[in-house]
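Q: Using the sequences and the accompanying hints, generate a full structural model.
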Amino acid sequence: MDIDPFIFRLSIFVLSIFIGYFVVWSVTPSLHTPLMSVTNAISSVIIVGAIIASFSSSNVNTISFSNILGFLAVTLAAINIFGGFLVTQRMLQMYKKKEKKKDKK
Amino acid sequence: MSANLSSIFFLITGILFILALRGLSSPETSRMGNLFGITGMILAIVVSILSVDILFNNLLFFIIALSIGGIIGGFIAFKIPMTAMPQLVACFHSLVGLAAVLVAVSAYYNPESFGLGNFQDIKTASIIEMGLGVSIGAITFTGSIIAFLKLQGLMSGSPITFPGQHYLNALLGASIIFLISYLILNQSVQIFWTLIILSFLIGFLIIIPIGGADMPVVISMLNSYSGWAAAGIGFTLENTALIITGALVGSSGAILSYIMCKGMNRSFLNVILGGFGTDSSSSNNKEKGEQKPVKSGNAEDAAFLMKNASSVIIVPGYGMAVAQAQHALREMVDKLKKNDVKVSYAIHPVAGRMPGHMNVLLAEANVPYDEVFELDDINNDFANTDVAYVIGANDVTNPVAKTDPKSPIFGMPILDVEKCKSVLFVKRSMSPGYAGVDNELFYRDNTLMLFADAKKMTEDIVKNLD
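For the record, the sequence lines run as chains A and B.
With the working numbering, letter number 32 in the first sequence gets 33, and the count goes up by one each step, no holes.
With the working numbering, letter number 245 in the second sequence gets 950, and the count goes up by one each step, no holes.
If you're looking for bench data, these hints aren't it; they were derived computationally from the structure.
Note that beta-carbon positions come from the ideal geometry of N, C-alpha and C, so glycine has one too.
Heads up, a few of these hints could be off.
Unchecked claim - In the DSS-like style, the derived pairs of lysine-lysine whose C-alpha atoms are separated by at most 30 Å in a straight line are: (1) Lys1043(B) to Lys967(B); (2) Lys967(B) to Lys1000(B); (3) Lys1124(B) to Lys1000(B); (4) Lys1043(B) to Lys1124(B); (5) Lys97(A) to Lys1124(B); (6) Lys97(A) to Lys1043(B); (7) Lys1168(B) to Lys1042(B); (8) Lys97(A) to Lys1161(B); (9) Lys97(A) to Lys1000(B); (10) Lys1000(B) to Lys784(B); (11) Lys1012(B) to Lys1043(B); (12) Lys1126(B) to Lys1111(B); (13) Lys1012(B) to Lys1111(B); (14) Lys1000(B) to Lys828(B); (15) Lys97(A) to Lys1111(B); (16) Lys1126(B) to Lys97(A); (17) Lys1124(B) to Lys1111(B); (18) Lys1161(B) to Lys1000(B).
Unchecked claim - Below, a sample of chain B positions facing chain A; criterion: calculated Cβ distance under 7 Å: (19) Leu724; (20) Ser818; (21) Leu854.
As the list claims (entries may be wrong) - From chain B, some residues computed to sit far from chain A (all C-beta separations above 10 Å): (22) Ile717; (23) Leu729; (24) Pro868; (25) Ile889; (26) Lys1040.
A: Right under this line is the structure:
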């Protein structure tokens, strides 16, 4: 009997939970805020679904309801991607500045 | 691009995201980690675009949508003050939730394009996954909106409770599970939308009874939800990148919730059921507080004490964030260091309104991160320290957590500020903290209360240190 592809996806999912568990425990508590903003940014990879929705079509020259939902989702995900990664970068940059200052002293 | 090839690229995206989180294990590697994350995201977007049939009109609108989002996101990222990070993160969570809902609705109306079957004839496995994704997404959306409103102060931070609340939530939860199962038999528009509306409603209802001080748990929990929503959509779309990311984010949020609950010695269920720090208990304590004598001082006294100390530990809390006192604090510490005073910072796990909130604020004020310590690392040092400068923190220093089993905060790990030779409390008034518990430290002989705004007091101390 063939294995349902769902089982493969479920395996990936469960193993990823374990990876997440171990990786996140190793994150230093002082970086928990950047951790939240970066997980926020990466969860916007949901944009891949939004892209499929944006380009889904049954009729070539018209923009369908599904497309409009797709464009909206793209906008929301883009806010998150740009906002999330940039604000994380900005925070992490602050942790760097201090190092330099200390070196100078 | 063939489906196999794009799947491999999506796997690479997943690995890059794992490396992005891995990088956060130390500040040195964290920026590299963030670059991995950005690379993974660009890869995912490019691969997705190459996998669809590109139509000119759609491409045009797609680029416009992406640009609008990018400009808004970039603008927010550069403008947002660090003190507002908790509400920003809550707001971002709501966007992930809503995006998940939109994608699921789009897939529901046009399943052909997603390869899921036909309208109202979607494959059984897919419709369940879609139901779960849309429901968790909707809960994340409204829940995060409420969390945002509470954190932004647009809505009262005090818990909103009403009789039968838990029964109503249980009923709604059961209905949602029933509707998701019912979608297998009947994929009608009515049932799909009822599911979405009920999920919106329960997201709203589960967050309103949770008080302001429990926000670190709520934000972490919603972080986790946004991950599970992404994973649900990932299963629907059969997309590896989304499944891996959803699992990573989901477990990350869950771990943070656990750490926050442990920091308050409360069970997760206890936080979710809400209603902590009700008005009645805090008013009782206020009366008690007024009867006992308190020593209060001014900036001059505080400056004198700290200048003549050999070591000082700073204990920042949410009050420091509200007053934006981190820069003044750093100035004060610089002055103290010139006077050969050893200064370090002690951070309680639940200080502030989100995990790591205080660390980011101190980083913003250019405090070197090796002077900032977590509870376990610094707690033994208080006994050998001359002065503790408690700025905007209260409950996390309250010794009652160790002594009074009846206290609502009993068992919560606290910073042993009481062991210092003297304690300075910067506070605006005698009012108890969010837990509604009176702090007996205020009445001790070696405690000096500094009644003022945290920023103003710190600035005054700086002037007096010259």
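Q: Determine for every hint whether it applies to the structure shown.
A: These are the hints, each one checked on the structure:
Straight-line distance between C-alpha atoms of Lys1043(B) and Lys967(B) comes to about 38 Å, which puts the hinted pair past the 30 Å bound. Between Lys967(B) and Lys1000(B) the alpha-carbon distance is near 33 Å, which puts this suggested pair outside the 30 Å criterion. Distance hint between Lys1124(B) and Lys1000(B) is fulfilled; the C-alpha atoms sit about 18 Å from each other, no more than 30 Å. The hinted pair formed by Lys1043(B) and Lys1124(B) meets the criterion: a straight-line CA distance of about 25 Å does not exceed 30 Å.
Taking the CA atoms of Lys97(A) and Lys1124(B), the gap is near 34 Å; set against the 30 Å cutoff, the hint is violated. For the given pair, Lys97(A) sits about 23 Å from Lys1043(B) by alpha-carbon distance, which is consistent with the 30 Å threshold. Distance restraint check for Lys1168(B) and Lys1042(B): the Cα-Cα separation of roughly 15 Å lies within the 30 Å cut-off, and the hinted pair is therefore satisfied. Using a Cα cut-off of 30 Å, the hinted pair Lys97(A) and Lys1161(B) holds, with the two alpha carbons roughly 28 Å apart.
For the given pair, Lys97(A) sits about 41 Å from Lys1000(B) by alpha-carbon distance, which is inconsistent with the 30 Å threshold. For the proposed pair Lys1000(B) and Lys784(B), the alpha carbon gap of about 41 Å is over 30 Å, so the pair is violated. Restraint check for Lys1012(B) and Lys1043(B): the C-alpha separation of about 10 Å stays at or below 30 Å, so the hint holds. In summary, the hint linking Lys1126(B) to Lys1111(B) is supported, as the alpha carbons are separated by about 28 Å, within the 30 Å threshold.
Proximity of Lys1012(B) to Lys1111(B) is assessed by CA-CA distance (about 39 Å); at most 30 Å being required, the pair is judged violated. In summary, the hint linking Lys1000(B) to Lys828(B) is not supported, as the alpha carbons are separated by about 71 Å, beyond the 30 Å threshold. Our distance criterion of 30 Å between C-alpha atoms is broken by Lys97(A) and Lys1111(B), whose separation comes to about 45 Å. Distance check on the hinted pair: Lys1126(B) and Lys97(A) sit about 34 Å apart at the alpha-carbon level, beyond 30 Å; violated.
For the hint linking Lys1124(B) to Lys1111(B), the alpha-carbon distance of about 23 Å falls within 30 Å, and the restraint holds. Annotation: proposed proximity of Lys1161(B) to Lys1000(B) holds, straight-line Cα distance about 20 Å (limit 30 Å). Given hint, Leu724(B) at the interface with chain A, is violated; its Cβ is 9 Å from that chain's nearest Cβ, farther than 7 Å. For Ser818(B), the interface hint holds, the least distance from its beta-carbon to any beta-carbon of chain A being 3 Å, beneath 7 Å.
Taken as an interface hint, Leu854(B) does not check out: its beta carbon lies about 18 Å from the nearest beta carbon of chain A, beyond 7 Å. Distance check for Ile717(B) against chain A: the nearest CB is about 12 Å away, which clears 10 Å, and the non-interface claim stands. The beta carbon of Leu729(B) is not kept farther than 10 Å from every beta carbon of chain A, the shortest such distance being approximately 5 Å. In this structure Pro868(B) is separated from chain A by more than 10 Å, as the shortest Cβ-Cβ distance comes to about 35 Å.
With a least CB separation of 15 Å from chain A, Ile889(B) remains clear of the 10 Å interface cut-off, as annotated. Every C-beta of chain A lies more than 10 Å from that of Lys1040(B), the closest at about 15 Å, which supports listing it as non-interface.
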